[in-house]
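Make the full structure from the sequences, and use the hints.
Protein chains: 4
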Amino acid sequence: MIPRYSRPEMVSVWSQETKFRIWFEIEAHACDALAEIGVIPKEAAKTIWEKGGAAQFDVDKIDEIERVTKHDVIAFLTHLAEFVGPDSRFIHQGMTSSDVLDTCFNVQLVRATDILLADMDALLEALKRRAFEHKDTVTIGRSHGIHAEPTTFGVKLALAYAEFDRCRDRLRAAREEVATCAISGAVGTFANIDPRVEEHVAKALGLKPEPVSTQVIPRDRHAMYFATLGVIASSIERLATEIRHLQRTEVLEAEEYFSPGQKGSSAMPHKRNPVLTENLTGLARMVRSFAMPAMENVALWHERDISHSSVERYIGPDATVTLDFALARLTGVIDKLLVYPERMDRNLNQFKGLVHSQRVLLALTQAGVSREDAYRLVQRNAMKVWEHGADFLTELLGDAEVTAALSEAEIREKFDIGYHTKHVDTIFRRVFGKA
Amino acid sequence: MIPRYSRPEMVSVWSQETKFRIWFEIEAHACDALAEIGVIPKEAAKTIWEKGGAAQFDVDKIDEIERVTKHDVIAFLTHLAEFVGPDSRFIHQGMTSSDVLDTCFNVQLVRATDILLADMDALLEALKRRAFEHKDTVTIGRSHGIHAEPTTFGVKLALAYAEFDRCRDRLRAAREEVATCAISGAVGTFANIDPRVEEHVAKALGLKPEPVSTQVIPRDRHAMYFATLGVIASSIERLATEIRHLQRTEVLEAEEYFSPGQKGSSAMPHKRNPVLTENLTGLARMVRSFAMPAMENVALWHERDISHSSVERYIGPDATVTLDFALARLTGVIDKLLVYPERMDRNLNQFKGLVHSQRVLLALTQAGVSREDAYRLVQRNAMKVWEHGADFLTELLGDAEVTAALSEAEIREKFDIGYHTKHVDTIFRRVFGKA
Amino acid sequence: MIPRYSRPEMVSVWSQETKFRIWFEIEAHACDALAEIGVIPKEAAKTIWEKGGAAQFDVDKIDEIERVTKHDVIAFLTHLAEFVGPDSRFIHQGMTSSDVLDTCFNVQLVRATDILLADMDALLEALKRRAFEHKDTVTIGRSHGIHAEPTTFGVKLALAYAEFDRCRDRLRAAREEVATCAISGAVGTFANIDPRVEEHVAKALGLKPEPVSTQVIPRDRHAMYFATLGVIASSIERLATEIRHLQRTEVLEAEEYFSPGQKGSSAMPHKRNPVLTENLTGLARMVRSFAMPAMENVALWHERDISHSSVERYIGPDATVTLDFALARLTGVIDKLLVYPERMDRNLNQFKGLVHSQRVLLALTQAGVSREDAYRLVQRNAMKVWEHGADFLTELLGDAEVTAALSEAEIREKFDIGYHTKHVDTIFRRVFGKA
Amino acid sequence: MIPRYSRPEMVSVWSQETKFRIWFEIEAHACDALAEIGVIPKEAAKTIWEKGGAAQFDVDKIDEIERVTKHDVIAFLTHLAEFVGPDSRFIHQGMTSSDVLDTCFNVQLVRATDILLADMDALLEALKRRAFEHKDTVTIGRSHGIHAEPTTFGVKLALAYAEFDRCRDRLRAAREEVATCAISGAVGTFANIDPRVEEHVAKALGLKPEPVSTQVIPRDRHAMYFATLGVIASSIERLATEIRHLQRTEVLEAEEYFSPGQKGSSAMPHKRNPVLTENLTGLARMVRSFAMPAMENVALWHERDISHSSVERYIGPDATVTLDFALARLTGVIDKLLVYPERMDRNLNQFKGLVHSQRVLLALTQAGVSREDAYRLVQRNAMKVWEHGADFLTELLGDAEVTAALSEAEIREKFDIGYHTKHVDTIFRRVFGKA
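Residue numbers (numbering that gives the first Met the number 0), protein chains in the order written: chain A, 0 to 434; chain B, 0 to 434; chain C, 0 to 434; chain D, 0 to 434.
Simulated from the structure, these hints should not be mistaken for laboratory data.
Be careful, since some hints might not be right.
Heads up, the list lumps identical chains together, so a pair's fine if it works in one copy or across two of them.
Subject to a maximum C-alpha distance of 27 Å in a straight line, what follows is the list of computed DSS-like cross-link-like pairs (lysine-lysine) [as the list claims (entries may be wrong)]:
hint, residue 1, residue 2
1, 134, 351
2, 202, 421
3, 60, 45
4, 50, 202
5, 41, 207
6, 383, 413
7, 134, 207
8, 45, 421
9, 50, 60
10, 335, 69
11, 433, 335
12, 351, 413
13, 69, 383
14, 50, 421
15, 41, 421
16, 433, 207
17, 433, 421
18, 45, 202
19, 127, 207
Since the model is a prediction, treat every value here as computed from it, not as a measurement.
See below:
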């Protein structure tokens with residue numbers, strides 16, 4: 000967890016305090032169920048809730064006990080016993096550490112995902128607002144970094160909206176994957192604990208019982224979870240890269256907001272750099288990389304080994320904290336993005352008329368020229384524009400083979416920008432349900 | 000694509016012949032729609048279907064043309080024109096190469112996924128059959144590779160069933176992700192092609208229209224697809240690792256089927272090695288690794304660059320062909336797995352009675368001993384079994400502190416295997432809906 | 000192995016024919032040593048070389064035998080015996096399959112690396128030639144995609160040269176890593192084979208004996224090998240990305256060579272796309288991804304398991320064939336790169352004089368202005384250029400706070416391009432040993 | 000950085016305090032050189048060393064300034080100026096932030112690597128000691144987890160020694176990769192700073208000047224660095240996996256030291272789990288995963304973008320701190336490993352005599368039996384041992400086809416363990432230079 004890439008709400012999900020509080024709740028809910036089915040006294044369950052609920056757990060003390068026992072759950076239970084008193088012997092009856100650890104981890108992941116879902120909503124809101132704002136802002140579309148044909152800046156943002164809308168769905172599915180609870184004992188057989196305890200705790204925590212666990216909740220769930228976060232990070236990288244391209248000096252169609260007092264370079268006072276989106280690119284690399292150890296965590300030995308644990312101590316917090324930060328940063332970038340329609344217009348017309356080459360090509364084929372010939376005719380005139388700065392329309396009108404197939408009026412008609420934007424409303428309706 | 004890890008049906012999805020056939024169908028379906036809305040003559044669309052449908056495309060010839068044009072779709076269209084004749088000029092009207100390439104790639108992925116889904120069904124069937132066969136075959140559960148408490152071999156297989164059942168759901172979701180079609184033109188604006196063409200082609204091919212595309216179908220979809228395959232591969236690795244462990248000489252509770260004539264080693268004629276599951280472990284590494292370049296493919300520049308293409312030429316076939324092979328191989332392993340219940344029983348009793356340590360611990364706490372004292376009492380007797388081969392029951396009965404809390408009958412009662420299997424039916428009902 | 004990304008020489012390293020030929024040589028060299036130390040008759044060794052050396056191994060037949068034995072080395076030995084006759088019983092004495100397989104794999108990797116080293120030399124040669132050609136071609140240096148200060152195109156290429164020169168060193172080190180031979184028997188103890196056999200075979204094949212092997216040559220060597228290839232691929236990606244940027248429409252300072260007859264787009268005849276460097280970007284992703292399974296291959300169980308084998312059947316050929324192709328493609332791109340110095344000059348001057356901002360900043364501090372004030376002064380004038388297209392020099396001369404510290408002559412003197420290129424010779428001497 | 004997987008010395012390399020101290024030293028050394036060549040007054044350089052050297056930098060204050068300037072180096076320089084006074088305007092003359100940042104990062108990596116090298120020495124020492132201790136401790140070698148032929152536990156450890164010895168060499172090479180310094184200005188042209196400054200600073204810090212830098216030190220160096228750490232982590236995983244296998248209940252040939260007071264399980268007091276080596280397995284996954292973003296960092300845009308920076312804020316500390324911890328933990332495990340020779344002996348003889356199958360096979364071929372027949376004869380007797388617990392020697396002596404080729408004495412002679420260990424001294428001499 001890197002402080003500069005962390006936001007407090009998400010950080011708090013992963014604090015020691017939060018963790019021990021969740022551990023306590025799992026144990027206490029389990030006691031309720033154990034009391035209900037008569038394994039422990041109801042009075043004990045009540046005492047545990049009261050005394051444990053009021054306790055301020057001392058993280059340092061627990062750590063100290065762990066240094067002797069080399070076992071974190073035992074250390075916590077020992078500490079908890081100090082608050083609860085003699086009834087503490089009814090806690091953790093028939094449970095195994097992983098019942099607590101794994102259920103807690105899933106509670107944390109679910110809480111983290113709820114924050115991420117809210118982040119996503121905010122990002123989608125910003126994208127939608129700016130998309131409608133620039134629905135008709137014409138700009139050149141580019142393939143291979145080369146001018147292709149016109150589109151609108153709104154369509155670019157609509158595309159991002161649709162992509163993150165899919166990411167929201169994926170995030171929801173990922174949340175579903177890890178929203179399970181296991182209180183199934185040492186090897187998952189419920190030998191020492193009735194399955195009804197698991198059902199009760201699951202319900203109390205808003206989770207579903209894991210249909211069959213071993214000592215641990217199966218890690219294919221978590222692999223899917225972190226892989227999903229990696230995909231979302233990759234979408235962040237895509238949009239960040241788009242903005243970085245738009246801001247580069249020669250393009251300059253959009254810019255990250257540059258705050259008063261900000262300095263772009265210690266050496267070059269003229270600089271305004273897309274540092275936020277570059278930063279997002281790096282953060283995306285990190286979140287993506289966590290998918291790999293998460294997948295390697297799946298193949299635990301037999302009913303469990305503990306190799307997954309250290310991995311999760313890194314990637315549980317790091318992946319969610321970083322993604323939370325990245326989504327919020329991206330939302331800010333989109334929200335305040337400086338957009339330069341004039342510059343878009345100037346870039347679009349850099350090679351006069353060249354972007355209409357396909358329309359001319361199609362018109363020629365419609366007029367009976369073979370596809371191969373049409374391509375050759377258009378390409379030879381296009382290359383003059385490209386290489387010598389000629390005007391595409393002028394060149395076409397001066398090419399006898401072209402004018403043999405198309406009249407001047409027909410050719411001129413192909414140079415209309417509106418032609419390219421006529422379906423923008425269709426696209427918006429598909430993405431936003433309205434145009 | 001490694002021949003020894005390939006099965007013909009999946010390989011054929013990725014053949015050049017299949018690809019060109021799909022390209023043709025996309026173009027021909029598009030012509031139908033173009034004819035319907037009056038852009039090209041209906042007769043032309045009919046001719047295209049007839050002549051193109053009857054054509055035997057010559058892969059070598061297309062390659063030859065590509066060597067000149069350096070463009071594969073143009074090469075194909077040139078070849079197609081030879082069959083179709085003059086009406087060929089109506090083909091590909093207003094479309095861009097990616098309309099064909101991306102829609103085709105998705106058709107191939109969907110077909111591949113349908114094969115994978117069938118593979119998954121077969122695997123699930125095998126797991127279910129063997130799970131019920133061994134529902135009551137008691138075996139030791141292990142955490143950290145160390146004996147923990149008894150479970151049944153059927154529960155192990157039920158766990159695998161539940162895991163692959165989740166994988167089936169994920170695979171279905173992944174199929175959904177990539178089952179889209181884009182016929183949206185050079186930068187996705189439908190400038191030269193009516194959106195109705197896309198709708199028609201999508202429907203004809205069993206796909207959904209991509210709500211908003213650029214020149215390409217957004218690659219977050221494919222990242223999600225290959226990440227999902229990586230997760231499934233990781234589950235294969237888990238089950239393969241379980242079997243490898245069970246087959247190791249000192250354990251030998253199960254073995255891969257060893258066919259007549261098979262040789263385990265060129266040097267050591269006594270060897271019977273778990274080579275199939277070791278092989279699956281390696282294959283899983285490969286399929287998993289493909290998730291990474293798939294995620295890096297998302298951040299294409301602007302409306303597209305072509306960096307994703309080479310990656311997909313590798314991982315499209317390699318991931319699906321390898322996973323298909325791996326699922327089938329795993330199904331065979333499960334189907335014919337030699338299971339040795341006697342050996343399971345012998346291993347379970349290797350440390351006489353030690354697996355009942357938790358029950359004794361719980362009984363002591365129930366009898367009023369503090370958790371810490373109970374743990375200490377049980378641990379000191381357990382260590383004698385572990386270190387000197389003592390009998391756990393005898394040691395307990397000879398420990399005055401233990402017998403002060405529990406009677407001999409109470410202690411003996413804790414050494415019952417049935418205690419551990421009493422909830423197996425519950426687990427089976429959760430997983431299979433019946434027990 | 001994707002045919003379109005493969006070159007014949009490297010492909011042949013990995014052919015079945017090559018593999019069986021190397022297997023034979025390993026066995027025959029071993030026979031020489033066995034004969035020398037009296038384990039088998041010298042006559043037998045001679046016969047084996049003669050009959051085996053003349054044999055045309057039939058790949059299909061060997062495959063057929065393997066389908067029964069499920070063991071490739073046994074299948075080969077059975078086939079070889081058909082040629083050699085009764086003396087074939089002296090082949091493979093005391094050896095284990097991995098002695099042959101692993102030594103062969105390393106021979107193939109060494110041969111592959113020799114090709115890669117030659118590729119690297121060709122790339123370095125091209126970079127050097129173009130670097131000197133454009134040593135003095137002034138161009139804008141960019142950080143964050145934003146104009147920074149001038150450099151020369153030659154310096155850019157010198158940087159690439161230095162990077163690939165490091166890559167050559169790394170490749171040599173990687174070759175060293177895998178240039179070992181193991182003929183050490185079933186678990187590496189030489190129980191059935193004298194260590195002198197290993198020494199002889201190693202020397203005959205240009206390898207070093209593996210100091211201690213198990214059944215296999217330790218896979219940390221191969222992990223290092225493939226990780227190195229991944230790093231080299233990343234350097235290819237860097238240079239490819241640079242060129243893609245330079246070719247984008249708004250920059251257009253350099254272009255991949257566009258051959259006669261080439262078509263950039265099926266739809267837009269005006270397009271000239273950096274498809275080769277985009278392709279290299281994708282290939283780099285693949286080669287990089289292979290590092291991961293190679294690292295996972297290290298942790299084999301005990302003296303070996305065979306999980307690494309399937310991984311290596313993919314990445315052995317795929318990594319080296321792809322990298323060979325990529326290096327050759329990159330060499331071609333550099334060799335024929337179209338460079339546009341005029342456009343470089345035009346871009347450099349897009350914001351008149353702004354690139355000199357640092358010099359003015361430094362002059363102000365030298366003149367006694369505090370760093371903070373100097374930064375503020377320069378930034379406020381720079382922003383006018385950036386935002387309103389003003390001329391930087393004019394703005395500075397009109398700023399009283401600036402002229403209070405620096406005379407007009409002093410300010411004008413800061414606007415000299417030569418100032419930025421005065422150490423280019425130093426850099427070239429560092430990189431190439433001459434300027 | 001996870002506190003429980005961190006050691007203080009390595010953590011301090013990455014503290015804010017250390018970083019700012021190194022920044023100061025880079026600036027101050029640069030001032031020395033600038034004074035020497037007459038750019039700034041010598042007195043100023045002296046003052047800067049004196050006042051800056053005595054200063055206690057306030058991390059919080061620097062952070063506060065950065066929140067305004069959004070630039071960390073400027074924030075530091077502003078803070079430094081408070082201590083140095085007016086002469087502070089001579090600091091950072093002609094330098095760019097990256098000169099400081101990148102050189103500092105490399106200083107930190109070099110210091111981190113020196114710690115890792117010391118860790119490695121300690122690990123090698125422990126491996127060597129235990130290897131000699133168990134040079135003659137016979138144990139079964141296993142391939143595929145299946146008994147193969149005898150080896151010694153010392154040979155296993157010698158193998159690990161040789162592997163980590165290679166890792167030490169790789170670590171040294173990795174240190175060499177990143178031990179460079181760049182003080183080359185905004186785009187690496189030395190426009191505003193004489194190359195002699197770089198040479199001076201490099202020498203003062205024990206680094207080499209980077210032959211050609213852009214704004215940044217090329218990231219292929221760091222990619223190679225982190226890839227190397229990933230390979231080393233994979234070797235840690237290998238040895239950890241070996242120990243985990245040896246400790247599993249059915250094998251139990253070695254055990255991690257179990258300290259007094261330690262608890263293996265909250266539920267099962269009998270457990271002694273290989274938790275340290277399982278933990279190392281997880282840590283290895285993490286360190287390995289960092290290689291991927293490090294490689295993605297190479298392809299920065301033009302003369303630099305800042306996407307690498309966030310990645311390095313994670314992996315710089317995380318990779319080195321985790322690897323330091325892992326190496327130390329592994330050293331402790333090896334140092335205190337409980338080894339059970341009696342159990343090794345018992346396991347070795349589990350299938351009586353079966354491990355001698357190859358010797359019998361070879362004797363049969365030497366006696367004139369064809370390889371195929373010999374294999375068949377040995378395999379059929381071996382399978383009886385495997386499947387029915389027969390005694391291999393007895394079976395062979397009762398097989399007429401076997402005794403037709405070999406006398407009883409000849410057969411009995413093959414059942415000698417000493418045969419397998421006769422070359423252990425050779426191996427030790429190869430690895431340790433002595434036996």
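Structure-based check of all given hints:
Proximity of residue 134 and residue 351 under a CA criterion of 27 Å is satisfied intra-copy only: 24 Å inside one chain copy versus 33 Å between copies. Within a single copy, residue 202 and residue 421 get their C-alpha atoms only as close as 52 Å, which misses the 27 Å cut-off; across copies the closest is 24 Å, which meets it. When the C-alpha separation of residue 60 and residue 45 is checked against a cutoff of 27 Å, the pair qualifies only within one copy, where the shortest distance is 25 Å, while the shortest distance between copies is 49 Å. Taking CA atoms no more than 27 Å apart as the test, residue 50 paired with residue 202 passes inside one copy only; the shortest distance there is 23 Å, against 63 Å between copies.
In this assembly of identical chains, residue 41 and residue 207 lie within 27 Å of each other by CA distance solely inside one copy; the values are 25 Å within and 57 Å between copies. For the homomeric pair residue 383 and residue 413, the shortest alpha-carbon distance inside one copy (19 Å) is at most 27 Å, but the shortest distance between copies (39 Å) is not. For the identical chains of this complex, residue 134 and residue 207 are inter-copy neighbours only, at 24 Å across copies versus 43 Å inside a copy, given an alpha-carbon limit of 27 Å. Neither within a single protomer nor between protomers do residue 45 and residue 421 lie at most 27 Å apart by alpha-carbon distance, with minima of 68 Å and 29 Å respectively.
For a Cα distance limit of 27 Å, the shortest separation of residue 50 from residue 60 inside one copy, 18 Å, qualifies, whereas the shortest one across copies, 42 Å, does not. Within a single copy, residue 335 and residue 69 get their C-alpha atoms only as close as 50 Å, which misses the 27 Å cut-off; across copies the closest is 17 Å, which meets it. For a Cα distance limit of 27 Å, the shortest separation of residue 433 from residue 335 inside one copy, 24 Å, qualifies, whereas the shortest one across copies, 50 Å, does not. In this assembly of identical chains, the alpha carbons of residue 351 and residue 413 lie at most 27 Å apart only when taken from the same copy (13 Å versus 37 Å across copies).
Taking the shortest Cα distances, residue 69 and residue 383 sit within 27 Å of each other only across copies (21 Å), while inside one copy they are farther apart (76 Å). Within a single copy, residue 50 and residue 421 get their C-alpha atoms no closer than 68 Å, and across copies no closer than 35 Å, so neither meets the 27 Å cut-off. In this assembly of identical chains, the alpha carbons of residue 41 and residue 421 lie at most 27 Å apart only when taken from different copies (25 Å versus 71 Å within one copy). Taking the closest pair of Cα atoms, residue 433 and residue 207 come within 27 Å of each other only across two copies (19 Å); inside a single copy the shortest separation is 37 Å, beyond that limit.
For the identical chains of this complex, residue 433 and residue 421 are intra-copy neighbours only, at 15 Å inside a copy versus 58 Å across copies, given an alpha-carbon limit of 27 Å. Taking CA atoms no more than 27 Å apart as the test, residue 45 paired with residue 202 passes inside one copy only; the shortest distance there is 19 Å, against 61 Å between copies. With identical chains, the CA atoms of residue 127 and residue 207 are at most 27 Å apart between copies only, with a shortest distance of 23 Å across copies and 34 Å within one.
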